[in-house]
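There are 2 protein chains.
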Amino acid sequence: MDATYRALCKHGYAELTMQDIAAESDKSKGTIHYHFDGKQDLLESFLEFLLTQFEERTETIPGETPAERLHEFLDELLTADDEDAVEFRTAILEIKAQSPYNEAYRERLRGFDRATRDRIADLVAEGIEAGEFRSDVDPEATADFLVTLFHGAQTRATAVDRPPERTLEYVHSYIDETLCLASDERDGPSLEADARTEE
Amino acid sequence: MDATYRALCKHGYAELTMQDIAAESDKSKGTIHYHFDGKQDLLESFLEFLLTQFEERTETIPGETPAERLHEFLDELLTADDEDAVEFRTAILEIKAQSPYNEAYRERLRGFDRATRDRIADLVAEGIEAGEFRSDVDPEATADFLVTLFHGAQTRATAVDRPPERTLEYVHSYIDETLCLASDERDGPSLEADARTEE
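From first to last, the protein sequence lines are chains Z and C. At position 32 of the first sequence the residue is numbered 32 (the UniProt record's numbering), and the sequence of numbers has no breaks. At position 46 of the second sequence the residue is numbered 46 (the UniProt record's numbering), and the sequence of numbers has no breaks.
Incorrect hints may have been included.
Said to hold, decoys possible - With a cut-off of at most 20 Å between alpha-carbon atoms, the simulated SDA-like pairs for lysine to any residue come out as follows:
| id | chain 1 | residue 1 | chain 2 | residue 2 |
| --- | --- | --- | --- | --- |
| 1 | C | Lys10 | Z | Asn102 |
| 2 | C | Lys10 | Z | Pro100 |
| 3 | Z | Lys29 | Z | Ile61 |
| 4 | Z | Lys39 | Z | Ala22 |
| 5 | Z | Lys10 | C | Tyr101 |
| 6 | C | Lys10 | C | Asp84 |
| 7 | Z | Lys39 | C | Ala14 |
| 8 | Z | Lys39 | C | Glu15 |
| 9 | C | Lys39 | Z | Lys10 |
| 10 | C | Lys39 | Z | Glu15 |
| 11 | Z | Lys10 | C | Pro100 |
What the hints assert, rightly or not - Partial chain Z-side listing against chain C, Cβ under 10 Å, derived:
| id | residue |
| --- | --- |
| 12 | Ala91 |
| 13 | Leu93 |
| 14 | Arg106 |
| 15 | Arg110 |
| 16 | Ala141 |
| 17 | Gln154 |
As the list claims (entries may be wrong) - Computed footprint of chain Z on chain C; a stretch qualifies when at least three of its residues, placed anywhere within it, have a C-beta under 8 Å from a C-beta of chain Z:
| id | region |
| --- | --- |
| 18 | 93-99 |
| 19 | 148-154 |
These are calculated hints, taken from the structure and not from any lab test. We put the CB at the ideal spot given by N, CA and C, even for glycine.
Turn these sequences into a full structure, and let the hints steer you where they fit.
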């Protein structure tokens with residue numbers, strides 16, 4: 001899976017061959033072919049692996065309050081965390097563009113979409129429950145909106161080289177200003193919940 | 001250009017050949033090759049043609065007030081207007097994913113991004129000027145946000161088959177609730193500007 005990641009970053013999706021993946025691993029092309037029917041089969045497993053990794057990594061999100069955890073989660077989604085991030089984002093966009101032609105890719109991409117929406121909707125619902133977010137916020141609609149914005153930030157980064165960090169700024173102020181109750185609207189003092197907006 | 005559009009919708013970007021384009025036109029493959037160096041060259045001209053068409057079509061946007069025109073413009077962006085829309089959206093996403101490998105595509109995609117942002121920023125600035133939108137709204141930041149959301153809606157439609165119309169609903173309420181001044185915050189009565197929110 002690491003070799004597939006490196007090969008995708010190096011060659012992109014369209015040009016990728018099993019040989020490229022073998023070259024990045026300590027296995028021969030024959031051994032890889034023994035385990036996977038071909039490039040598509042291997043990439044289906046790779047997307048499955050990424051989804052499982054994503055679900056595990058985001059099972060517990062650090063932060064004292066739901067709002068802090070939502071900031072943190074979106075930071076994680078929109079911040080490039082290694083030097084191959086640009087190339088990997090491009091490869092994922094190529095795979096998204098293949099989705100209408102490939103039911104197996106589409107299933108994995110839907111799994112990602114669903115997992116991302118669910119995580120966000122849960123955090124928003126927790127924030128409402130905790131009296132940190134406005135009670136009239138709809139967790140599902142908010143999650144759907146933020147996932148769309150996330151896809152947009154990724155696409156624009158690839159298509160027109162616009163840094164996704166600019167969307168992150170917007171997202172942070174959206175959480176603080178649109179989702180969070182203003183301090184004077186809250187039931188009682190909540191130091192933790194206020195910490196972020198005062199930064 | 002019409003033949004290129006039809007061929008892209010039928011075959012997608014990756015599989016498209018000059019022969020496919022010739023088959024959709026009344027020209028021979030030889031004639032097309034006489035005018036264009038190959039598929040990339042033809043598609044660069046096609047993107048150029050789309051951009052010019054887009055700029056001309058959106059030079060005047062119907063609507064009585066800036067808010068109405070902004071609603072109309074985003075309706076236009078996010079509504080599929082023919083039966084090939086799904087296939088065409090996929091082809092455009094394939095081209096976006098090629099952008100890092102192709103400077104000429106990137107230039108055209110940047111032209112689109114810029115034209116879309118400029119149209120939106122102008123409408124938002126007009127709305128502020130007319131006292132219809134809040135004076136603390138930033139036209140450039142709003143335009144950038146809406147363009148990101150537009151890209152996200154297009155990408156999710158292709159990647160996970162989520163209808164872009166759902167984003168359109170969000171966008172309409174964003175204009176009415178976040179950009180527009182509430183009727184009681186306005187300087188004077190403005191029947192036209194109120195018409196939309198009362199629908």
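Here is what the structure says about each hint:
no., hint, verdict
1, Lys10(C) / Asn102(Z), "holds (16 Å)"
2, Lys10(C) / Pro100(Z), "holds (13 Å)"
3, Lys29(Z) / Ile61(Z), "violated (38 Å)"
4, Lys39(Z) / Ala22(Z), "holds (11 Å)"
5, Lys10(Z) / Tyr101(C), "holds (12 Å)"
6, Lys10(C) / Asp84(C), "holds (9 Å)"
7, Lys39(Z) / Ala14(C), "holds (16 Å)"
8, Lys39(Z) / Glu15(C), "holds (17 Å)"
9, Lys39(C) / Lys10(Z), "violated (24 Å)"
10, Lys39(C) / Glu15(Z), "holds (17 Å)"
11, Lys10(Z) / Pro100(C), "holds (13 Å)"
12, Ala91, "holds (9 Å)"
13, Leu93, "holds (4 Å)"
14, Arg106, "holds (7 Å)"
15, Arg110, "holds (5 Å)"
16, Ala141, "holds (7 Å)"
17, Gln154, "holds (7 Å)"
18, 93-99, "holds (count 5)"
19, 148-154, "holds (count 7)"
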